[in-house]
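Undergrad: Letter by letter, the chains look like this.
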Amino acid sequence: MTLTKRKSFRLGDLVKQLGGELIGDADVRVSQVATLESARPADITFLTQSRFLPQLDRTQAGAVILGPEVRDASSLPRIISPNPYAYFARVAAFLNPAAVAEPGIHESAVVDKSARIAESASVGACAVIGRRAQVAKQAIVGPGCFIGEAACIGAGSRLHANVTVYHDCRIGARCIVHSGAVIGSDGFGIAKEDGIWKKIPQIGRALIGDDVEIGANTTIDRGALDDTVIEDGVKLDNQIHIAHNVRIGANTAIAACVGIAGSTKIGRNCALGGASMIIGHITLADNVNVSAGTLIMKSLEQPGTYTGVYPSSSHQRWLKNAAHLRQLDDLANRVRELEGRLGKAKRGKT
Amino acid sequence: MTLTKRKSFRLGDLVKQLGGELIGDADVRVSQVATLESARPADITFLTQSRFLPQLDRTQAGAVILGPEVRDASSLPRIISPNPYAYFARVAAFLNPAAVAEPGIHESAVVDKSARIAESASVGACAVIGRRAQVAKQAIVGPGCFIGEAACIGAGSRLHANVTVYHDCRIGARCIVHSGAVIGSDGFGIAKEDGIWKKIPQIGRALIGDDVEIGANTTIDRGALDDTVIEDGVKLDNQIHIAHNVRIGANTAIAACVGIAGSTKIGRNCALGGASMIIGHITLADNVNVSAGTLIMKSLEQPGTYTGVYPSSSHQRWLKNAAHLRQLDDLANRVRELEGRLGKAKRGKT
Amino acid sequence: MTLTKRKSFRLGDLVKQLGGELIGDADVRVSQVATLESARPADITFLTQSRFLPQLDRTQAGAVILGPEVRDASSLPRIISPNPYAYFARVAAFLNPAAVAEPGIHESAVVDKSARIAESASVGACAVIGRRAQVAKQAIVGPGCFIGEAACIGAGSRLHANVTVYHDCRIGARCIVHSGAVIGSDGFGIAKEDGIWKKIPQIGRALIGDDVEIGANTTIDRGALDDTVIEDGVKLDNQIHIAHNVRIGANTAIAACVGIAGSTKIGRNCALGGASMIIGHITLADNVNVSAGTLIMKSLEQPGTYTGVYPSSSHQRWLKNAAHLRQLDDLANRVRELEGRLGKAKRGKT
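Chains as they are written, first to last, in my numbering: chain A, -5 to 344; chain B, -5 to 344; chain C, -5 to 344.
If you're looking for bench data, these hints aren't it; they were derived computationally from the structure. Take the hints with a grain of salt, since some may be wrong.
Covered stretches of chain B (in silico footprint by chain C; criterion: 3 or more residues with CB under 8 Å from a CB of chain C, positions within the stretch not fixed) [to be verified]:
1) 8 to 19
2) 56 to 68
3) 139 to 148
4) 186 to 200
5) 226 to 232
6) 302 to 309
Where is the CB? At the ideal position from N, CA and C, for every residue including glycine.
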């Protein structure tokens, strides 16, 4: 996308580096990944679903990544992999390596003299780093970030511009935190006395594991008494809210606009769809999937997919149907009464 | 609202500038717009719905903007326009012109020497502008903003304080971007391999057209491979999430807290109500309206208004009715059975 | 949680300071609050619900706060209070006093010479304060904050890092504003003319009362013509959106991810659950509770709890049941017809 001339690689060398079976000319060179539709001859593309086969026929790509079941669906030079999407991810990462820290502290950054910044770390312009904070080797703290007192940023992690990390919080190694994210703000702890809300100091921390990605404007509150914990490998999209004392299990992926209320525990390898909401003080087992837009109001002890969404329709149709929702109990009673009058032994439960 | 003395204008001159038919004293002067209720003699007010006629009687305003059908509903000096609300918008903009850039780069801003900043542009305190970035004439980059490498800010656009624009992204001319907005953060692209999520580099851009407004803390992700595109004249409220590879058609307006998942295409002149959610990989036609709080799960090919919201009621009533939702299939079967026993030819479909 | 040595207090002195009845050794010393499960001998813990009694038996705490009905449920030194949670809040605040401003303006902050900063106030690194802005005594403006022209920050208020306050807005005394919050951004005011959206200047202000807490990345828009008003003692969690001209009554508490559309009035002492949404131009009475995830579409004139949430279930079950929602009107008609054929005088209304 930029005008910089890109480096290209032989398919033969790609396969040597990344695995996979090569069919066709090993000397074909590619420099970038692209979709079937927008690919040009210097690009390598990929096919993950058979419904895209017609686009495969028309692609201008120089090479393609295919699953074994469609290994001959194209005459292009191709790499066969049992998981073509993951292979594509590997190629994309190989061709687009992450930015490397330019070691050093920008002269406009304000770093407390008691903070420990690794020599190989990078601190951007106008970043502010508090007392006793630590930034480990090869970490990047972007322009305008704030790192509070005694907070730690792990090795190789990258905070994009304008991220805020409150005092005492920890971000593990190789994390990526996007702009506007706030880690360790106070949880919503209030107690009512004589009609007035009193603030409860939030003395726990927010602890982020290794290899976690946190999206733009996502907020993760610190714990009230104990800590809020995001385990290793968790992937969080944008504008997610994680309340105090939540724990998210390893390798769980959460789509944008999700809210998780206080003290809830989410298992490992879960997937929460966009704008789903999980109330407080419940537990979701490992391998639970929650559909987009679903509100979960009680613990889910079994893996599986859970959904609760009002289906949309034309507004007129919705008006007619939705009105009955407020009388559904009445309707059910009337059906039961009809059944009684017809002397029927009920088949189902109500 | 401030203590600065405001400039006032003759009604006659307003009409000369902005059109409309004047009834009454052309020499009356107004200096500000106001609601019917809070207007004082130096203010001009407006009426858009006949239900506000009683307030029109009581207003203290010096003048009023009316539609032709109520041209004589007041004896105040008045301007008649076929679209009084749009006329009010014009007067409001005339009386409250947008801030003009104070040309120059604040001495505390950090601007890479390869960036190109127009002489008439303004770069605020503690703003950071990366390599090869461009800020066009009369553009305003607010305090604390970050503009990434090779990003472009179009002529006359205004970024309020603390906006983040990632590398390679483009913002068109005459845009307004509010504080905390993040443009071009990575899309949520991950692929699972051996139980671990691998990040897929996001190499597309976020491209924002001309005359776009972007609300506070709204996030627009860059594309995965191709670009995320916001067409001209789109208006985005606060805390909206737009995922990678989404396209929003020209002049579409989106209310706050909306989420649009990846690769979805929204047509032109659409209106998405607050907190509506649109899943990924679907298409909404031009002129589609989505009601507040509605989740759209499939493509909408026809213009119109679509709704899917669970109607609220007292909690007690909700408890009674909602329980039946989980047995709705059973209830429908029982009704069908009753119909069968009564030998009825079914009238409707189930 | 930090390595700093903490100060400890005699239980006898705590009760002298904070009230409550002490049972047991007044010389026991505590230095921190903790949960029943994680408390150690130097901690004081608390019990708010009888279902936690088993944990009370096992706690390692040095003392406990109990309600009068369970005054003898533990043999630990204990403080009896009619509202143990509020008492705990008092103890927690006593043991964890809020940060005190380090008076002075950081040398990297950019403060307009016409701004008035109290001598006892603190302005952090890289903060930017505009013309004629005011920061009252003992207020803390965190690193990277932006305070616009003529905005006022009240006495003793604390803005954490990277908060944005637009021109002319006011924040009262003793407020806490978390990182990423935006106060006073433009409301979503647009008028369509000839198929194009025209911006309506937003000339009202955002006025925040005393003792208000505003969560991370929450946005409060300024008014269109009149002001947006948050009354005293309101508590706002993270990622809340409050649109132009909304008024929130005193001591109302709003959980995360809530959206309130334009011109709506929320009463006093209300509680809005997480991710609830309130449409525009309506009024909620005092003492209204809205359940999490509920969309309120009309004014609520009576106190009480209101709910409207589609209950979640397994995806399979949801598929079967939700399909009938689109034919609910038809189903109701069929039941009515069956009733008619059986000659029944209807018991309920439909």
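Undergrad: Which numbered hints turn out to be false for this structure?
TA: When the structure is compared with the hints, numbers 1, 2, 3 and 4 turn out to be violated.
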